[in-house]
Structures are given as structure tokens and as C-alpha cells.
Amino acid sequence: MIRASRAIFTALLAVALLAAPAHAAGYRPFLDPLPWDGAWLWLMLPLVLAISIVYKAIKVDNLAHVPRQALFLAAQIVVFMVLAAAALWLITEIV
Amino acid sequence: MSRAPNDEHMPWHIGAALAAWLLPGLGHYLIGERQRGLIIGITIMVLWLAGLFIGGVSVIDTSAAWQWFIAQGCMAPSWLTNFYVQGARGTEGFEASFGRVAEQGILYTAMAGLLNVLAIIDVAYREPSEDMTHHLAEEGDAP
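Those sequence lines, one after another, are chains A and B.
Start counting at 1 in the first sequence, then tack on 2, and there's your number in the numbering used here.
Start counting at 1 in the second sequence, then tack on 218, and there's your number in the numbering used here.
Read the hints as simulated data drawn from the structure, not as lab findings.
Owing to the predicted nature of the structure, the values given are computational and were not obtained by experimental measurement.
C-beta atoms are modelled at their ideal positions from N, C-alpha and C, and glycine is treated no differently.
Hints are supplied without guarantee of correctness; some may be wrong.
As the list claims (entries may be wrong) - Pulled a few chain A residues facing chain B out of the computed Cβ check, cut under 7 Å: (1) Gly-28; (2) Phe-32; (3) Leu-33; (4) Asp-34; (5) Pro-35; (6) Leu-36; (7) Trp-38; (8) Asp-39; (9) Trp-42; (10) Leu-45; (11) Val-50; (12) Ala-52; (13) Ile-55; (14) Val-56; (15) Ile-60.
Claimed, not checked - Some chain B residues well away from chain A (every beta-carbon gap over 10 Å; in silico): (16) Ile-232; (17) Leu-244; (18) Gly-250; (19) Ser-315; (20) Pro-346.
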């Protein structure tokens, strides 16, 4: 369980580190911001996943169930947000 | 969440709650919920570090946006970062972030703080794990 949790976040961190502009002259990780203005929407996904993992780790008694339930909760949140965005877009188009 | 059969006689884990504020997950670890503490701690710390990685340390700054610090300050590492930012202001210690990356960095660190509030509340009221209860009972029986 912990191995799975660690693996997920090691992978997320590895992706972030690989995507960082390490070649950029003078860039200092954690001190300077990343030039990720265009990718801001995709940053919602790891945020949702982290929220789901912590919530389920607190809520669920048997920790073996956390990965499956956290993924399900994350999927529910993403689907609901997409539906809400679609509904708001429709309203702005109609009105 | 695990609850004792009779919540009125449940002691609050004030020390564990304080430990959870100092380092996310440490409170659960101390009351014997080691696996749960590791999951909560690793997840919250990675989220918080990801926020700093995306937006830089300037996303935690009481003089620029103190309202967000109400959430960010719910974990002690944010206070240390804020002290650093206030001390390094006006030097080349860090570069201020703007726009979407600043928003995302603030959001990540604030969410990490708020998730730590959940963890603190949980650990304050949580029944210690069976192993810890057994250990405490043995200590109590000892002469």
C-alpha cells in the first residue's frame, strides 16, 4: 500500500522534474517559478489525486482499500468538474 | 474513521496534533497509525513541495497575500518558508512568481495546509491503534 502510494508520487515528481527547464540558464528549483502558464489546467489532476488519497487515508479503516477508493474519488471529482464546466459553458453560450 | 465506543472518555491527543502540525503525518505515526501516517505525510509533503516547485518560494508570502497564509500556515514548514521569503525580500534569494504558476503554487500549498487540518483533527480524536493500545495497557500495568 505504502509502496503503491510512494510509486504514484515518485512518478509524479519524476514527471515534474523531467518537464522542468533544467537547461534554462540560472534556473533554481524551488526558488524560481516554472514557465508552466500554458499547462495550468493539467496541474489540477495531481491536486485532485492528492486530495483523494489524503481524504481516503483518513476516512477508510482498512488501508488496503485506499488506492482503489482514492482513484474512484479522484475520477468522480474530475468528471463532476468537467460536467460543471460544460454546464457553465452552455449557460454562457445560451444567455 | 476509527472511534472509541464511548467518545466522552476519549482523551484528545494534543501532543500528536501538535506533531501533525509540525510535520504532516507525524501525529498518526506517534499514536501507532504508522502506515496511515506515512501515506498522509508523504502525500501532503509532496503536494506542498510541488506547489513550491511550480511557483517558487514566493507563493508563501504573508506580505503579498496573507489571506492564503491562513490555509498555508496550517503546516509548520510554511512558516519557515515565509520567514525565508521575508528575510530574502529585495535580494536575489528568489524570483517572484506571477500569473497562472503563482496561482497554482498558492493553490497547491494552501490545499496541503487544509488537508493537514483534516489530518490534525483526525489525529486529535482518533483511537490509538490496537498495537499502541496494547503497549499503553502494558505500561499501565507495570509496577
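Each hint, compared with the structure:
Interface restraint check: A/Gly-28 against chain B, minimum CB-CB distance 9 Å, threshold 7 Å, status violated. The restraint placing A/Phe-32 at the interface with chain B holds, with a minimum CB-CB distance near 5 Å, inside the 7 Å limit. The criterion of a C-beta within 7 Å of any C-beta in chain B is met by A/Leu-33, whose closest approach is roughly 4 Å, and the hint holds. For A/Asp-34, the suggested interface contact is upheld, since its CB lies about 4 Å from the closest CB of chain B, less than 7 Å.
Here the hint on A/Pro-35 is kept, as its CB sits about 3 Å from the closest CB of chain B, short of 7 Å. Taking 7 Å as the C-beta contact cut-off toward chain B, the hint placing A/Leu-36 at the interface holds, the least distance being around 5 Å. For A/Trp-38, the suggested interface contact is upheld, since its CB lies about 5 Å from the closest CB of chain B, less than 7 Å. With its C-beta approaching chain B no nearer than about 4 Å, A/Asp-39 sits inside the 7 Å limit, and its interface hint holds.
Here the hint on A/Trp-42 is kept, as its CB sits about 4 Å from the closest CB of chain B, short of 7 Å. For A/Leu-45, the interface hint holds, since its Cβ comes within 7 Å of a Cβ in chain B; the closest pair sits about 5 Å apart. Using the Cβ-Cβ criterion of 7 Å, the hint placing A/Val-50 at the interface with chain B is not satisfied: the shortest such distance is roughly 10 Å. Hint status for A/Ala-52: holds, given a least beta-carbon distance of 4 Å to chain B, under 7 Å.
Interface restraint check: A/Ile-55 against chain B, minimum CB-CB distance 5 Å, threshold 7 Å, status holds. Here the hint on A/Val-56 is kept, as its CB sits about 5 Å from the closest CB of chain B, short of 7 Å. Hint status for A/Ile-60 relative to chain B: holds, with the closest Cβ pair at about 5 Å, below 7 Å. Residue placement check: B/Ile-232 keeps its beta carbon more than 10 Å from all beta carbons of chain A (closest about 18 Å).
Against the 10 Å criterion, B/Leu-244 stays outside the reach of chain A, whose nearest CB is about 14 Å from its own CB. Listed as outside the interface, B/Gly-250 is consistent with that label: its C-beta sits roughly 13 Å from the nearest C-beta of chain A, beyond the 10 Å cut-off. Its beta-carbon lying about 3 Å from the closest one in chain A, B/Ser-315 breaks the requirement of being farther than 10 Å from that chain. Look at B/Pro-346: its CB is around 14 Å from the nearest CB on chain A, clear of 10 Å, so calling it non-interface holds up.
The structure fails hints 1, 11, 19 (numbered hints given earlier, in ascending order).
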